[in-house]
Amino acid sequence: MTTELKKVGNPSSVTQKMTLIQAINDGMKTMLAEDETTLVLGEDVGKNGGVFRATDGLQEQFGNDRVVDTPLSESGIIGTSVGLAVNGFKPIAEIQFMGFIYPAYDQIMTHVSRLRMKTMGHFSVPMVIRAPYGAGVRAPEVHSDSTEALFTHMPGIKVVCPATPYDAKGLLIAAVKDPDPVLYLEPMRSYRSSREEVPVEEYHVSIGEGNVRKEGEDVTLIAWGAMVPIIEKAAQKAEEQGINCEVIDLRTLYPLDKDVIAESVKKTGRAVIVHEAHATGGLGNDVATTINDQAFLYMKAPINRVTGFDVPVPFFALEEHYLPTVERVLKAIQDTYQF
Amino acid sequence: MTTELKKVGNPSSVTQKMTLIQAINDGMKTMLAEDETTLVLGEDVGKNGGVFRATDGLQEQFGNDRVVDTPLSESGIIGTSVGLAVNGFKPIAEIQFMGFIYPAYDQIMTHVSRLRMKTMGHFSVPMVIRAPYGAGVRAPEVHSDSTEALFTHMPGIKVVCPATPYDAKGLLIAAVKDPDPVLYLEPMRSYRSSREEVPVEEYHVSIGEGNVRKEGEDVTLIAWGAMVPIIEKAAQKAEEQGINCEVIDLRTLYPLDKDVIAESVKKTGRAVIVHEAHATGGLGNDVATTINDQAFLYMKAPINRVTGFDVPVPFFALEEHYLPTVERVLKAIQDTYQF
Amino acid sequence: MEDKFPIKRIIDDQGNLLEESFKDQLNDQFVKRFYYHMYRIRTFDRKAKNLQRQGRIGTYPPFEGQEAAQVGSALALGPGDWMFPTYRDHGAMLTFGADMSRTFLYWNGRVEGCVPPDGKNIFPAAVPIATQIPHAAGVAWAEKKKGTRNLAIAYFGDGATSEGDFHEGLNFASVFQTPTIFFNQNNRYAISVPIEKQMNSETIAQKGIAYGIPSVRIDGNDCFSVYFETLSAAERARNGDGPTLIEAVTWRTGAHTTADDPTKYRPDNQGIDVVEPIIRLERFMKNYEFWDEKEMEEMHVLIEDEVERAVQEMEKYPKAKVEDLFDHVFANPPQQLLAQKESYLEHIKGE
Amino acid sequence: MEDKFPIKRIIDDQGNLLEESFKDQLNDQFVKRFYYHMYRIRTFDRKAKNLQRQGRIGTYPPFEGQEAAQVGSALALGPGDWMFPTYRDHGAMLTFGADMSRTFLYWNGRVEGCVPPDGKNIFPAAVPIATQIPHAAGVAWAEKKKGTRNLAIAYFGDGATSEGDFHEGLNFASVFQTPTIFFNQNNRYAISVPIEKQMNSETIAQKGIAYGIPSVRIDGNDCFSVYFETLSAAERARNGDGPTLIEAVTWRTGAHTTADDPTKYRPDNQGIDVVEPIIRLERFMKNYEFWDEKEMEEMHVLIEDEVERAVQEMEKYPKAKVEDLFDHVFANPPQQLLAQKESYLEHIKGE
Ligand SMILES: Cc1ncc(C[n+]2csc(CCOP(=O)(O)OP(=O)(O)O)c2C)c(N)n1
Ligand SMILES: Cc1ncc(C[n+]2csc(CCOP(=O)(O)OP(=O)(O)O)c2C)c(N)n1
Ligand SMILES: [Mg+2]
Ligand SMILES: [Mg+2]
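Protein chains in written order, with the numbering used here: chain X, 53 to 391; chain A, 53 to 391; chain F, -9 to 341; chain U, -9 to 341.
Treat the hints loosely; a few may be bogus.
List time: in silico SDA-like cross-link candidates among lysine to any residue, alpha-carbon distance up to 25 Å [as the list claims (entries may be wrong)]:
no.: 1; chain 1: U; residue 1: K331; chain 2: A; residue 2: Q390
no.: 2; chain 1: X; residue 1: K383; chain 2: F; residue 2: K311
no.: 3; chain 1: U; residue 1: K187; chain 2: A; residue 2: V378
no.: 4; chain 1: A; residue 1: K81; chain 2: F; residue 2: K136
no.: 5; chain 1: X; residue 1: K99; chain 2: F; residue 2: T253
no.: 6; chain 1: F; residue 1: K254; chain 2: X; residue 2: E292
no.: 7; chain 1: A; residue 1: K318; chain 2: X; residue 2: L349
no.: 8; chain 1: F; residue 1: K187; chain 2: X; residue 2: R105
no.: 9; chain 1: F; residue 1: K187; chain 2: U; residue 2: R139
no.: 10; chain 1: X; residue 1: K318; chain 2: X; residue 2: Y350
no.: 11; chain 1: U; residue 1: K(-6); chain 2: U; residue 2: E9
no.: 12; chain 1: U; residue 1: K136; chain 2: X; residue 2: E88
no.: 13; chain 1: F; residue 1: K187; chain 2: X; residue 2: R118
no.: 14; chain 1: F; residue 1: K311; chain 2: A; residue 2: H174
no.: 15; chain 1: F; residue 1: K135; chain 2: A; residue 2: E112
no.: 16; chain 1: F; residue 1: K136; chain 2: A; residue 2: K289
no.: 17; chain 1: F; residue 1: K339; chain 2: X; residue 2: E292
no.: 18; chain 1: A; residue 1: K289; chain 2: U; residue 2: E9
no.: 19; chain 1: U; residue 1: K311; chain 2: A; residue 2: K318
no.: 20; chain 1: X; residue 1: K318; chain 2: A; residue 2: Q390
no.: 21; chain 1: U; residue 1: K331; chain 2: X; residue 2: F348
no.: 22; chain 1: F; residue 1: K135; chain 2: A; residue 2: D117
no.: 23; chain 1: X; residue 1: K99; chain 2: F; residue 2: D258
no.: 24; chain 1: A; residue 1: K289; chain 2: U; residue 2: K187
no.: 25; chain 1: U; residue 1: K135; chain 2: X; residue 2: G321
no.: 26; chain 1: F; residue 1: K254; chain 2: X; residue 2: N116
no.: 27; chain 1: A; residue 1: K319; chain 2: X; residue 2: F391
no.: 28; chain 1: U; residue 1: K306; chain 2: U; residue 2: V291
no.: 29; chain 1: A; residue 1: K352; chain 2: X; residue 2: D387
no.: 30; chain 1: F; residue 1: K37; chain 2: X; residue 2: R190
no.: 31; chain 1: X; residue 1: K383; chain 2: F; residue 2: A329
Bear in mind the hints are in silico, worked out from the structure with no lab data behind them.
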């Protein structure tokens, strides 16, 4: 299930402190340098280097044939990327914010994800779609959506979402090397929130593998992207109250790492799932049914979910009330533990 | 939560045998006759009476100002309907097949469902979007999608799906009268599969209310739309094997009737959920988490889901293998019962 | 195509009247009304930029340089008309009657900023590019069905013309001959993307040909040209003659938003030849003796006062209510949403 | 606009040569090649309609009446070019080299019908209207990047021009000057909606102006006009001169699909004046002495044989494999999908 990739050297040998967004930039740079067919395209990705500077310096280094400013046209970006991908290129298409991916939904749903199926593999669409997602940065409306579930429900595309700089570069490279289309979601809120040592060389983080960031016995906490720091903090606070949490960062949203989920929950018998998308239809439900399917007899308490509410992501004056907080997660941990 | 509606007379007084699609047609006719602001618009809905004849005779009766053939332009249909709805009209917009709703996804996601929220109720979008959905009629690709979960995850729009002619007319009228936008999904496969007595007068079926079609003690079966006949048949067969099933037709997909689900499962302790959409991200997961949240201690077996596979709805040669069958449901009932 | 769609103007850069036929209409009161509104929205705009710098509001997209386009078009509208602005058209909204303190509120992340004064048909600024264009076709279609003489005007940028919704909206308006004005502000950039990379057509006006929609290209920094061309498009719309596409060629003086750095992508000195619209009008007023230093100064003071008061009002505004997160999603909210609300209100009570 | 885009034709309804300059090129072999392909796809099309009636394939959208447009355009392509057809363009696909039995298979609900012969760049027929248009821009852009002389041709109907993807695709092609031919078959109906309700522009050709894309309007029932105009668009594309929009005016003789009843929406006798393209070519051949009754009859027999054999092959084709439901979604399928497959194969083993 994971991509076959050569491990280049020892990835930890030479490292550099990077933010998450720098790691993404570095991942793209690595791939642009490695393979001539790799392209970056999207609105403002060229001269401007992206509205968040994710593509900073890439056009200067690789030319405007390989790092391309496109018209303001999401369906056009994805639709032409299908053509580029089918015809020998590896497009990394940027959608400026996840909330602006909807005009391209048709292309992704009926072509990006289905072309391989409908031609029995004769044509394939190896492309990466990058999109910053999520609330918490006081952005205007629609800029803060977290609608990964619209894509995990769609067969034929993989979905990844790094929470750390290391995973950001490693997953980006894995996504570019993957023969299938990959949606690569970037937690805007974590773009510059911390730095970590990231190998300067090429390496990858396998698609489909979750990560146990902290082991624990009592309650399993599961999240991804910008919610990982939240569950980590909640785990710390719970610890102070004598509740020992296991912390899982899913990293890949489709396909889910069902093993890592099931194994953990079989041990703890309790799970709290956290995401910023709405409860109804959220990916947390898939995690929950995974637990139902694989660990039913181990469960000591109902699965608890802490999520965004079933309301549109609000204008930013209220976004702190929309987003799961450490306090809400802590409360859920306590409720679950004391059930 | 349910719409305030006057019950006109005794709805069962005068009835007529109708197929599901005739009942839909009759529902639209009733509303067009009752309220001048009601409009029907979409591709081929006028002179042609719809590609399935759902709007047959409506343009003749109400004129081409009220029953309007539009250009081939889903985003245009929904986008202009937003304008019509905001400005005093009640559009019933047809999307010819659910698989062609994706070009309008942006309009539905960022405006239809959010306009009321973002204007604190100053503007609202009381409109109905009708779309035939589902496989099993040997249609070309993309014509058979069942992607309700893309809309139940979207706050601000209600989603209904009738399984019977009676509910079809009653839910259509409720949808038209509802002050909020409603997505009205039509099980293509059931359009003409049976007839039942339908009141000729105006009546409604409340949005948000599921229906227990058959009471039972051992296992709760839950479905909607074209899968209702499947679970009914499976219940019959299970009965022959001594397993007594309760059969629930959800009818409304958002908001879910959590009470009817919880009550039943508390009684039976076992649930089999059936839908033709993909397992991952399917609405079945919401039913499952409802059970987890409300009936955890009553569960005697893991919740079982019988769904379409995590593959695009196939070309029709293989659709019978994609769709849940009576046999697959029966097997799930047995597994659950014997757990 | 540039010769098929010459840029129309009534006054030139130096404030000279080019079209004598308008002479009588450009009387004292008339001219000062334009100046007043342009100065007013300029003051608002600069204030908003400052507030953002001070962290008192969120990211803000200035419209400086586009005042003539926004004021000229908004003044041509009637009270029953509908306005469909973008995030950069708060100048047009204010001119058409939006509340100024609420407009500041909008940029402070408050939905209250989307609620127009009663009787003012102003839609919330469209954030997803071009999505408002079909709305304007739909609302206008409704007016036509009702038999009124009202119209809808949709504002959008040069970048917006690349989106499918631009195309679908214009096609609907054309097929149903709706009373809609498609008002394009071609400020020559979509964030960092210059119009030459956005499209390969010489003008935006020529895009009307695709739909058989009459179109016109005007100097968007000439408030009078904007006004009179919008007015004649409005007249056509009211008379049942359908939609019009107006390309108002203008220039975004500053950054795309307060988060943007145009030196990253704009050549040095690009645009320095553009005479911005308020200067141009001032020149005209001076040339033709409409300018009264003292009167203008008084006007400026009044406007600055108004803007200050609006800021104060915005900042005195009651804090955003958590209930509002839940209360406006549905007219009749589902039980489960009410349950989420209750449980969350309960949860934060302790805090 | 109709005068700006006059309908170009080389032979008229009665089979008279209108453009003497083409006289030399229209030699015996050349002309018969067109006749052969048009008769061949006609035979395929009628057979498909019959098979559908007999329940041997699914719903089928006949292209009768559009043979000249499909054959003329397909014959103008080179071997390295890319074709992006719709569900109604199996005539073009067959002419360009698609396998006939697989084409029947497609209409029998089999993905095998989407797999082109090796080396033939034929995309699966686009079912969601207009979505193939940006693909053709993208594939052509790739050819340009590679520095080849290959092009992409996108087929689409009059109705497709209303979709956003038509607009976005043409704009991309124009901005990046991709070697793409946008080949419109204006058959004057989109299911039941006549072109007058689809758009308010007199022609489809004029839509090219919106993008600065050269366009031409041709008689789509004149196979030679289609051929030579496509050829010159192709020449321009190959030479780096960018995209072309071709409006081929034609007529859908029959129903939209076998599930459609055109008497519901078409006025009586509409279209009876249209001389369908094979008759027209036959007249031309007779007028200019290319017609050899015996040779033609032999050709017909050969073609009918080919079509029969293709039907037999289709019907002898191994049954659809359940594994194919799962095996082609991903190059490297996730574990959980393999698990679904295994468990389902296990489940049906008993049956
Ligand atoms: C659908 C969509 N895609 C992308 C964006 C991000 N975005 C915001 S403004 C903008 C540029 C708009 O340019 P233009 O239409 O010329 O208007 P201007 O900002 O110049 O007024 C972009 C790309 C968006 N808001 N919506
Ligand atoms: C996005 C989308 N909407 C609706 C349909 C249903 N549909 C199939 S064919 C058709 C009409 C197409 O008309 P046109 O583009 O003129 O092509 P023609 O069928 O005449 O060849 C429609 C509406 C579809 N396939 N895709
Ligand atoms: Mg602009
Ligand atoms: Mg057509």
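For each hint, the structure was consulted:
1. U:K331 / A:Q390: Answer holds: K331 (chain U) to Q390 (chain A) is near 23 Å, not above 25 Å.
2. X:K383 / F:K311: holds, 23 Å
3. U:K187 / A:V378: violated, 45 Å
4. A:K81 / F:K136: holds, 21 Å
5. X:K99 / F:T253: holds, 10 Å
6. F:K254 / X:E292: violated, 48 Å
7. A:K318 / X:L349: Holds. K318 (chain A) to L349 (chain X) sits at ~18 Å (cutoff 25 Å).
8. F:K187 / X:R105: holds, 20 Å
9. F:K187 / U:R139: Measuring from Cα to Cα gives roughly 24 Å; hence the hint holds.
10. X:K318 / X:Y350: holds, 5 Å
11. U:K(-6) / U:E9: Holds, at roughly 19 Å.
12. U:K136 / X:E88: Between K136 (chain U) and E88 (chain X) the Cα gap is close to 11 Å, so the pair holds against 25 Å.
13. F:K187 / X:R118: holds, 15 Å
14. F:K311 / A:H174: holds, 17 Å
15. F:K135 / A:E112: holds, 18 Å
16. F:K136 / A:K289: violated, 57 Å
17. F:K339 / X:E292: holds, 23 Å
18. A:K289 / U:E9: violated, 74 Å
19. U:K311 / A:K318: violated, 42 Å
20. X:K318 / A:Q390: holds, 22 Å
21. U:K331 / X:F348: holds, 23 Å
22. F:K135 / A:D117: Given pair K135 (chain F), D117 (chain A) holds - Cα atoms ~8 Å apart, limit 25 Å.
23. X:K99 / F:D258: holds, 14 Å
24. A:K289 / U:K187: violated, 52 Å
25. U:K135 / X:G321: With a Cα-Cα distance of about 56 Å, the restraint between K135 (chain U) and G321 (chain X) is violated, given a limit of 25 Å.
26. F:K254 / X:N116: Status holds; Cα separation ~15 Å.
27. A:K319 / X:F391: Holds, at about 21 Å.
28. U:K306 / U:V291: Holds: K306 (chain U) and V291 (chain U) sit about 22 Å apart, inside 25 Å.
29. A:K352 / X:D387: Within the cut-off at roughly 22 Å; holds.
30. F:K37 / X:R190: holds, 19 Å
31. X:K383 / F:A329: holds, 17 Å
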